[in-house]
Amino acid sequence: MKRQLIVFVKQVPDTKNISGEAMTPEGTVNRAALPAIFNPEDLNALELGLQLKERYNFKVTVATMGPPNAAEVLRECLYRGADEAILITDRAFAGADTLATSYALSCCVKTVGNVDLILCGRQAIDGDTAQVGPQIAEKLNIPQIAYVEEVISISDKAIKAKRAIEGGYEILESPLPSLLTVIDANEPRSASAKGIMKYKKAKTHSELAKLMRDADYTDAQALADKENEMKAKNLWIYEWDAAKIQADVNRIGLKGSPTKVKKIENVVLKAGKVVSIEPTEAGINGLIRELIEDHTLG
Amino acid sequence: MNNKGNVWIFIEQEGSKIAEVSLELVCKGTELAKQLGVVSEAVILGDKLDGNFDSLFHYGCETVYQVEDKALEPFTVLPYAQALVKLLKKHKPNILLFGATLKGRELAPRVASEMMCGLTADCTDLQIDDFEDKVNKVSYKSKLMQIRPAFGGNIIATIVNTWEDPQMVTVREGVMKLTAPDTSKKGKVVKVTPELSDEAKVMKVIKRVSKPKTVDLKKASIIVAGGYGVGTKENFKLIEHLAEALGGQVAASRAAVDAGWINHDYQVGQTGVTVRPKLYIACGISGSVQHVAGMNESAKIIAINSDPGAPIFSVAHYGIVGELKDVVPKLIKAFKAKV
Chain L
0 MKRQLIVFVK
10 QVPDTKNISG
20 EAMTPEGTVN
30 RAALPAIFNP
40 EDLNALELGL
50 QLKERYNFKV
60 TVATMGPPNA
70 AEVLRECLYR
80 GADEAILITD
90 RAFAGADTLA
100 TSYALSCCVK
110 TVGNVDLILC
120 GRQAIDGDTA
130 QVGPQIAEKL
140 NIPQIAYVEE
150 VISISDKAIK
160 AKRAIEGGYE
170 ILESPLPSLL
180 TVIDANEPRS
190 ASAKGIMKYK
200 KAKTHSELAK
210 LMRDADYTDA
220 QALADKENEM
230 KAKNLWIYEW
240 DAAKIQADVN
250 RIGLKGSPTK
260 VKKIENVVLK
270 AGKVVSIEPT
280 EAGINGLIRE
290 LIEDHTLG
Chain E
0 MNNKGNVWIF
10 IEQEGSKIAE
20 VSLELVCKGT
30 ELAKQLGVVS
40 EAVILGDKLD
50 GNFDSLFHYG
60 CETVYQVEDK
70 ALEPFTVLPY
80 AQALVKLLKK
90 HKPNILLFGA
100 TLKGRELAPR
110 VASEMMCGLT
120 ADCTDLQIDD
130 FEDKVNKVSY
140 KSKLMQIRPA
150 FGGNIIATIV
160 NTWEDPQMVT
170 VREGVMKLTA
180 PDTSKKGKVV
190 KVTPELSDEA
200 KVMKVIKRVS
210 KPKTVDLKKA
220 SIIVAGGYGV
230 GTKENFKLIE
240 HLAEALGGQV
250 AASRAAVDAG
260 WINHDYQVGQ
270 TGVTVRPKLY
280 IACGISGSVQ
290 HVAGMNESAK
300 IIAINSDPGA
310 PIFSVAHYGI
320 VGELKDVVPK
330 LIKAFKAKV
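These protein sequence lines are chains L and E, in that order. Going by numbering that gives the first Met the number 0, the residue at position 192 of the first sequence is 191; the numbering climbs one at a time, nothing skipped. Going by numbering that gives the first Met the number 0, the residue at position 229 of the second sequence is 228; the numbering climbs one at a time, nothing skipped.
Here chain L stands alone, though its shape is the one from the complex:
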């Protein structure tokens, strides 16, 4: 049987390109000011997964937890060469902190079954916590290698990987299955034109159902036939809810999250009294003189 690896990816608000206030006056996240993108380091994780597919003939399954629109990042994975995609979506997952998220993702791994390797980006740019990877590993009771730069080799039973440590690197050997968090140390491939041509048609059940409703096809049989046809063509994005991954409802979403948010504030840079210095010799000489006089310089 082909060996399998899972890459977890996330659709995130582009926190580096915010076009307005990050929060609405009501205190919720202002999604309109935050375009959704593929989390950067998850692209590095996907790249590493695809390289391992080429080197060791792994089947690459990609999965994400998120709202229905997050299917977009899964299509991005299919364009680049992933073999199978799973959208984990359910209102019950909403409000999850890293503990509840990693629990749900560990349930997904168990549902997929026979996974030798799990790859995650080191961290997502919306929270920058870097906690979900290690916590999935703990939930599955398997080893983790954080900050992976490259995989040296994989045998039947173990993986050797190079990873960053403070001021250098080390090579670690760990038994399979293991979880790796991947840093920005490879050059993620772009989507191939051929991949886009084929997989832009890939859909989740909800997306297909909506398309058919919009086209006035309400026949359940027609929907089922279409679904089977798309599965046969490998154009199906699996859509799993909490029941499908057998998640304990008390351990997911807000209910499964030990951390509560007490307060959220927009960051407002304190408006100081800036003294304007002319970029002329006189202006700059004056500044230096002042700094020497108050013992900041000299």
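Just so you know, not all the hints are guaranteed correct.
[Unchecked claim] Straight line, CA to CA, 25 Å or less: simulated DSS-like cross-link-like pairs of lysine-lysine:
id: 1; chain 1: E; residue 1: Lys329; chain 2: L; residue 2: Lys272
id: 2; chain 1: E; residue 1: Lys140; chain 2: L; residue 2: Lys262
id: 3; chain 1: E; residue 1: Lys203; chain 2: L; residue 2: Lys161
id: 4; chain 1: L; residue 1: Lys156; chain 2: E; residue 2: Lys203
[Unchecked claim] Anything over 12 Å on all C-beta distances counts as not near chain E; from chain L, calculated:
id: 5; residue: Met0
id: 6; residue: Ala91
id: 7; residue: Gly112
id: 8; residue: Ala190
id: 9; residue: Lys193
id: 10; residue: Arg212
These are computed hints drawn from the structure, not numbers from a lab. Ideal placement from N, C-alpha and C gives every residue a C-beta, glycine not left out.
Let chain L serve as the given structure and place chain E on it in line with the hints.
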């Protein structure tokens, strides 16, 4: 609900040398412990440690748990997590602080997951306060307010752990200040043998290459930092020349590090080092919230930028709108003429 567990600090060591961030956290942890009416205690893991824990006592710890086993040197996450979890279950501390280093950020989530408690990464402030969970109608007394930036630094969130103790956080180096050490203060060392399972020893370190950090930005009293506006690696020499002339230290924003002009050790900001020099000169740095978080407590800030609308000017004491190639040589010339 009132917790009487102590405040614990995970002490990071490399060759028995204690990380600076751990000492900073001992200071903060001791302050929190006083507010809670408990004491601060340190936990240090390794093998054949030199046993010199004076600094931990001087900064306020009452106890050091010295956990030693061959499998704890060098650091790998499984034995560290197992040894730590055993101790936490036995001693039930109220709060546990980690440095947000590579090790701390790898270890803390694993421990929190096993303890089924919350964890907040990269806190920039910690306070004690009551918390009322209005949704679930539960009141909590004297909880740890875990304050951190999120969404790329665009918001500041206050987070509370409402499940099992310990209340766990990570904090970056330089964020908490060292207090004056009390060199007469002593404490108790408790030696612990962790009795690790074979399962915790399955990972092997095959090769390890590490050189100590070459720069300590926190100790510099004058910092000259370059950002994306510097333009090229070649232009970055201007920053070096100015730093050299003023007897200061070169630093950079994340954008300049990402551009490859200088390495990460020199990065100031939320994912770099937090600095508080006497003088900070920001050259071609736009002033993202992430960068500003790491330098806005500098005593004097000079911003040089060709864009008069750059946010860096709102935190600067002196603003110079102009081209670096023009302004920097003038600064060097003026300083050399005056001294």
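Each hint, compared with the structure:
no.	hint	result
1	E:Lys329 with L:Lys272	holds (24 Å)
2	E:Lys140 with L:Lys262	holds (17 Å)
3	E:Lys203 with L:Lys161	holds (12 Å)
4	L:Lys156 with E:Lys203	holds (14 Å)
5	Met0	holds (24 Å)
6	Ala91	holds (16 Å)
7	Gly112	holds (22 Å)
8	Ala190	holds (23 Å)
9	Lys193	holds (31 Å)
10	Arg212	holds (35 Å)
Violated hints for the displayed structure: none, as all numbered hints are satisfied.
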